[in-house]
Amino acid sequence: MALLKSNKVIYCLGNVSPSLGVLSTRHSSWWGGVQMGPPDPILGVTEAFKRDTNPKKMNLGVGAYRDDQGKPFVLSCVRKAEALIAAKQLDKEYLPIGGLGEFTKACAQLALGADNEVLKSGRSITVQTISGTGSLRIGANFLSRFHGGPRDVYLPKPSWGNHTPIFRDAGMQLKAYRYYDPSTCGFDFKGALDDISKIPEQSVILLHACAHNPTGVDPKPEQWKEIADLVKKRNLLVFFDMAYQGFASGDIDRDAWSVRYFIEQGHNIVLSQSFAKNMGLYGERVGGFTVVCNDADEAKRVESQLKILIRPIYSNPPMNGARIATTILNTPDLRSLWLEEVHGMANRIIKMREQLVAGLKKEGSTHNWQHVIDQIGMFCFTGLKPEQVERLTKEFSVYMTKDGRISMAGVSSGNVGYLAHGIHAVTK
Amino acid sequence: MSVFCEVPQAAPVAVFKLTQDFNNDPFLKKVNLGVGAYRTDEGQPWVLPVVKKVEKIIVHDDRLNHEYLPILGLPEFRSAASKIALGDDSPAILENRVGAVQCLGGTGALKMGAEFLRRFYNGNNNTKTPVYVSAPTWENHNAVFANAGFEDVRPYKYWDAEKRGLDLAGFLGDLESCPEHSIFVLHACAHNPTGTDPTQEQWELIAEVMMRRKLFVFFDSAYQGFASGSLEKDAWAVRYFVSMGFEMFCAQSFSKNFGLYNERVGNLTVVARDADNLKRVLSQMEKIVRTTWSNPPAQGARIVATTLNSPELFIEWKDNVKTMADRVLLMREQLKAKLQALGTPGTWDHITEQIGMFSFTGLNPKQVEYMVKEKHIYLMASGRINMCGLTTKNIDYVAESIHEAVTTVQ
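So the protein lines, in turn, are chains A and B. Residue 1 is where the first sequence starts when you use the UniProt record's numbering, and the numbers rise one by one after that. Residue 1 is where the second sequence starts when you use the UniProt record's numbering, and the numbers rise one by one after that.
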């Protein structure tokens, strides 16, 4: 008995006296071999920004909208919706695994258009997800389990940094197709078509529906048409990521054009949607994942399998944000207000782009900054090189990611001049 | 040709199908004793008064917005939640070796813990480490660990159907004979579905074997406060294991004890050897969170944090919790009394000896089918009933129906 107890004695003593802990060092912690994880590159920017004491500092890292005073913006339609919801005194019973029915319906209608044949025929299924990340993850898991084609997911080069680990953790493999042309700071259309034409049949291709992250470079409609055509020829499975509907051009239908066009052309797409940016519901985690199927029966089968995937991850999704989004989408005057506010956010961004370019010209920059205006959405791929980014951060306290991406949302009429000054200083 | 034409129809999740069938049933005296959610004596969902109060505070606070929470969640939620499980004065907390990950409900906390263990426990990416779950257990435990990549999810003996109690010898036997370093999922209190918990002495025996055989402790705590009405009492097992020096995980749910089911409020409490180990563990948890949901939902965590961190609201909450626990205890007493009064064959002491929301009645599948089809009383095929579904108005009907089932159906 004494021997059985002695293990525990040494185990505890090991904490007090290392020499006595020889027998227990192997067991001193389960986690001795766990390495420190690298800091998230984007969130790391915000950490560094917070530590900086320069009063002129600017945070152009993370993509969350800011108003012209640099403050987070809670949309009026959101506040109004919250008041309506509070008055209803609803219960807090579990949502179905696939989420709030009214939400998934409204979410699909927003993306596809209310009169879309797909919705009328019931040949799609939309589940509520944990914002865009959760949607991509469920989608990736679904493809990993049920897609009979190659394991490869083709991402545009570059893409949102989190796409890669999401698909990888789900068991897929990542490849890329050319997308961004650094020499023009624009779309490498020829390169994209060239690469896509070589993608093995039945592979998965991920497309950013609008406001490409991180470049802000979107194909034009005529280019989308050619891409859709080629993708069909190659028989690829299209995975659309739409995180900025309404936020890009200010018009929700215009921003969803590529998604609707592909469906019209007969692609049975899968689609991730986020309401983090366009409704400012970031922390409430509101999103949707849609699978367009051949018919209603297939949609039912797919739905049943999506539920089987969701249940062992988080059982069912959170109510609050979905309830707010639904109330906005389904209450006519709130919906109008929302469209106005989304338009307002997009317009402010567009204005900042124009003011930045004007500012650079005023500073005497001789570079071509047209891409700053041509790019769309929250982000701008400035074309700055890592050394220039480093100088911009060190000398001017302007925080951004190493790839030269800036979040235009962090620019305001009060600091756009300073930003122009800094960019000019490191690029002249 | 569709890429998904081969996708088979999956079976529905049993407990939700039960509620669906109940909802579709037009029978006036129908009773839902299926899914585990609290009901008032009027058979209605109950939003805790303290929750209503706090929600008002939140909606009127103009300083609050909907910005992203940190990846690991709301800091004041995480620390308050861990304190609830471990105790304010927990030495482990004072030693800075307790951390937490805010997750989507208890399920999310189990998921994060499982994903972490698969990657980093007992070697790297070790999918072969056995994961033991009680026989029976909450049906989703199997899927959570299997989906996290564990290839070997096995039952450990727990419920003795004959004596309708804990099979301690079987449990200890499995602990002694399992491979070293196996992971064990333990129910902190109010075992789901049996309602049967080890006594304190029994927990001590379990802990001794687990320590000696280097088994990993993963607590699932979904009913703290709800079981006995006392937060401290319901956390006894978790705190005992911490005091024994285990490094462990505890998945906490605030769905039941806060009635916040659909806001998905959960917390994975991590107790590590020291602050340095804790730091590295949390840094890796962040990576797992980032590819699953990026950061957790704010609303529910805010409600819980506000409540737990305010002395008055905290007292009010404990009171609300006791209200729920007391009603369940009353229903247990009354059901047992009525079955005894009816002279229903068998002993019914287990109804009051079991604890928490659920009771393993002992009804066999045929008897359960009788209850559902003939009496429109919906319960799980295992014979599990949710005591919260009982009210002073339906308890006679339920008792009589059980009597019929036991006496007429073999």
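Simulated from the structure, these hints should not be mistaken for laboratory data. Note that beta-carbon positions come from the ideal geometry of N, C-alpha and C, so glycine has one too. Mixed in with the good hints, there may be bad ones.
Subject to a maximum C-alpha distance of 27 Å in a straight line, what follows is the list of computed DSS-like cross-link-like pairs (lysine-lysine) [unchecked claim]:
| # | chain 1 | residue 1 | chain 2 | residue 2 |
| --- | --- | --- | --- | --- |
| 1 | A | Lys307 | B | Lys279 |
| 2 | A | Lys300 | B | Lys322 |
| 3 | A | Lys71 | B | Lys56 |
| 4 | A | Lys157 | B | Lys287 |
| 5 | B | Lys279 | A | Lys50 |
| 6 | B | Lys287 | A | Lys402 |
| 7 | B | Lys287 | A | Lys175 |
| 8 | B | Lys279 | A | Lys80 |
| 9 | B | Lys17 | A | Lys80 |
| 10 | A | Lys88 | B | Lys287 |
Pairwise CB distance ranges (calculated) [to be verified]:
| # | chain 1 | residue 1 | chain 2 | residue 2 | range |
| --- | --- | --- | --- | --- | --- |
| 11 | B | Asp62 | A | Lys56 | 19 to 29 Å |
| 12 | B | Pro70 | A | Glu264 | 51 to 61 Å |
| 13 | B | Pro155 | A | Ser121 | 40 to 50 Å |
| 14 | A | Lys120 | B | Cys5 | 17 to 27 Å |
| 15 | B | Pro26 | A | Glu222 | 26 to 36 Å |
Hints, verified against the model:
Distance check on the hinted pair: A:Lys307 and B:Lys279 sit about 34 Å apart at the alpha-carbon level, beyond 27 Å; violated. Straight-line distance between C-alpha atoms of A:Lys300 and B:Lys322 comes to about 43 Å, which puts the hinted pair past the 27 Å bound. About 24 Å separates the Cα atoms of A:Lys71 and B:Lys56, which keeps this hinted pair within 27 Å; it holds. Between A:Lys157 and B:Lys287, the direct Cα distance comes to roughly 22 Å. Compliance with the 27 Å bound is thereby established for this hinted pair.
At roughly 21 Å between alpha-carbon atoms, B:Lys279 and A:Lys50 fall within 27 Å of each other, so this suggested pair holds. For the hint linking B:Lys287 to A:Lys402, the alpha-carbon distance of about 20 Å falls within 27 Å, and the restraint holds. Note on B:Lys287 and A:Lys175: the hinted pairing holds, with a Cα-Cα distance of about 21 Å set against a maximum of 27 Å. With a CA separation close to 41 Å, the supplied pair B:Lys279 and A:Lys80 exceeds the 27 Å bound.
The hinted pair formed by B:Lys17 and A:Lys80 fails the criterion: a straight-line CA distance of about 35 Å is larger than 27 Å. Using a Cα cut-off of 27 Å, the hinted pair A:Lys88 and B:Lys287 is violated, with the two alpha carbons roughly 38 Å apart. The hinted window of 19 to 29 Å between B:Asp62 and A:Lys56 holds, with their beta carbons roughly 28 Å apart. In this structure the hint that B:Pro70 and A:Glu264 lie 51 to 61 Å apart at CB is violated, the actual value being about 41 Å.
Look at B:Pro155 against A:Ser121: about 45 Å separates their beta carbons, and that is inside 40 to 50 Å. Taking the beta carbon of each, A:Lys120 and B:Cys5 are about 21 Å apart, inside 17 to 27 Å as hinted. The supplied range of 26 to 36 Å is broken by B:Pro26 and A:Glu222, whose beta-carbon atoms lie about 58 Å from each other.
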